[in-house]
Amino acid sequence: MSQLAIPEEAAALPEILPPPARHGRLVDFVLLHPGIAIGGGLIGVMTVLAVAAPWLGTVDPQSLDPANMLISPSAGHWFGTDMLGRDIYSRVIYGTRVSLVVGFVVALLASVSGMAIGLVSGFFRALDPVLMRIMDGILAIPAILLAIALMALTQGSVGNVIIAITISQVPQVARLVRGMVLGLREQPFVEAAIAAGTRTPRLIWRHIVPNTLAPLIVQATYICAVAMIIEAILDFIGAGVPPIVPSWGNIMAEGRALWQVKPFIVFFPAFFLSLTVLAVNLLGDGLRDMLDPRLGSGK
Amino acid sequence: MLSYIVRRLLATIPVMAIVALFVFSLLYLAPGDPAAIIAGDQATVEQIAKIRASLGLNQPFVVRFGHWLWQVVQGNLGTSVFTGQPVSAMIAQRIEPTLSLMILTMLIALTLAIPLGVIAAWKHGTWIDRAIMIFAVLGFSVPVFVIAYLLAYVFGLSFRILPVQGFTPLAKGFWPFLRTLILPSLALGAIYVALLARITRAAMLDVLAQDYVRTARAKGVGQSGVLFVHALKNAANPVVTVAGLGVALLIGGTVVTETVFAIPGLGTLTVNAILERDYPVIQGVVLLFSFMYVLVNLIVDLLYSVFDPRIRL
Chain A
1 MSQLAIPEEA
11 AALPEILPPP
21 ARHGRLVDFV
31 LLHPGIAIGG
41 GLIGVMTVLA
51 VAAPWLGTVD
61 PQSLDPANML
71 ISPSAGHWFG
81 TDMLGRDIYS
91 RVIYGTRVSL
101 VVGFVVALLA
111 SVSGMAIGLV
121 SGFFRALDPV
131 LMRIMDGILA
141 IPAILLAIAL
151 MALTQGSVGN
161 VIIAITISQV
171 PQVARLVRGM
181 VLGLREQPFV
191 EAAIAAGTRT
201 PRLIWRHIVP
211 NTLAPLIVQA
221 TYICAVAMII
231 EAILDFIGAG
241 VPPIVPSWGN
251 IMAEGRALWQ
261 VKPFIVFFPA
271 FFLSLTVLAV
281 NLLGDGLRDM
291 LDPRLGSGK
Chain B
1001 MLSYIVRRLL
1011 ATIPVMAIVA
1021 LFVFSLLYLA
1031 PGDPAAIIAG
1041 DQATVEQIAK
1051 IRASLGLNQP
1061 FVVRFGHWLW
1071 QVVQGNLGTS
1081 VFTGQPVSAM
1091 IAQRIEPTLS
1101 LMILTMLIAL
1111 TLAIPLGVIA
1121 AWKHGTWIDR
1131 AIMIFAVLGF
1141 SVPVFVIAYL
1151 LAYVFGLSFR
1161 ILPVQGFTPL
1171 AKGFWPFLRT
1181 LILPSLALGA
1191 IYVALLARIT
1201 RAAMLDVLAQ
1211 DYVRTARAKG
1221 VGQSGVLFVH
1231 ALKNAANPVV
1241 TVAGLGVALL
1251 IGGTVVTETV
1261 FAIPGLGTLT
1271 VNAILERDYP
1281 VIQGVVLLFS
1291 FMYVLVNLIV
1301 DLLYSVFDPR
1311 IRL
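Chains as they are written, first to last, in our numbering: chain A, 1 to 299; chain B, 1001 to 1313.
I should point out that these hints are in silico values taken from the structure, not numbers from a laboratory.
Chain B is faced by these chain A residues, among others (derived, beta-carbon under 7 Å):
#1 ILE134
#2 ASP136
#3 ALA140
#4 ALA149
#5 ALA152
#6 ILE229
#7 ILE237
#8 VAL266
#9 ASN281
Each residue gets a CB set at the ideal place from its N, CA and C atoms; glycine is no exception.
Same shape as in the complex, but just chain A:
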């Protein structure tokens, strides 16, 4: 960005500060937070793949071609074809859309609803025991099992998968936010705001919410990673989006029966899924180190 400004600023600083960086700001940031750079970069690439899927040399990911089934990776079909002759490269690239949408939307929905429940629990103490017992009850059902059970009730669709996974992730956020609210309420600046006559809605919005955001963003990235894995697992066992939808879990499910002879069907979606989840986790770890230095490299 404004690289010219750096020497001037540095000249004005006292000598005890470290010498000004020799690199540009971007390079400095990357060196200081490699996780955010690598993770964020990979997520950026995946987003481009998802958005630009139709223009990346793909064919219709649902088109069947019985004459060309189970072709090994080759020039014509980079990742080979599946049992129904569908091009796996196209299905994997389009599959990026499902994983990213599920990951991002679940992270957003779980954060917003968990935040709401946590704030209510932290401020309206009469409701707290009831809400937290319900959260504990949901937490007592392992997330994948809860999502499976909920999917058993409805039709397989991306929307329903998102709702099922969100429900399993909300309690974590609600507990996190509630804990932070209870801690913040004891802080002098909050007491001062109350003493100055700040009304509760304004107090929550101006003083509480901004102070919960940093840990919440970190938690949201982890939820995004977990949501992508659960979505793939649901598809893999046949409880997720309909099999015709190109998603990484579905491609792996199709390759399941043939993995000993045609391992490439499972390999490509597995690789993309692992890489994307890794990117999100690296971003989460990097954000945690950056936003909360106290946790630092400790955990």
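Following the hints, complete the assembly by docking chain B onto the known chain A.
The following block gives chain B in isolation, referenced to the frame of chain A:
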């Protein structure tokens, strides 16, 4: 001490009640009318109504929930829609592979993860620490079925050392039993090892910064004495807590691992029940797994007082 145990036991009651309510609602909300299914295609509306009344299906939600809960407490989980067998019998038939898999996974994971975490904390900031932490991030990120296929491909298909499918009961000998479980346990355990190594390292780093560790060093306690006697015991509580919470990952992972390795356990039972929309079976499995999970975490809470005598006060 006794009041602590009683308090913890009482605290699990509302949690299990919420779980039971959720699981019951699952059957209550499930599409399809059980009375119509039992009556068959030829039944008249009156016949269906009669069956519905005899099953108690026309009673209010609360009454049905109470009745169902009373049956569950007595061990009656209902009947499978698909096979007609009692759900509790189906679970009993399939519990051995699942429990064996989970216990072996926990054993392997604990013996791997705790030394890894201790070493990472001891060599804090070195390349050894970094290598262990990179492994931990990978363990979190590579989903269980990917690790499962990778292990099966390398050790099962390429080297042909271990079987990649099926399960041999313990009754047919310990070695054949163990052989079928090694690859599934390693696959299932990866995320658990990652989780535990990370928390062990963090807890050890906290403890190693304490004054009493410095005192121990000052009076000449050796490195291993400091690490394993003074530090690890005091770092035990967070590790045990996370080990308990991580059981949720194992339970979820079991469903997938059993599918990949074709192990006839509760995981494959769940998957089949999903595909057949066999709600009583889904209900039974969810209830059982959640109960196991709550029980494990209750035991974890009771273990605190073993590692930290202050809690007994």
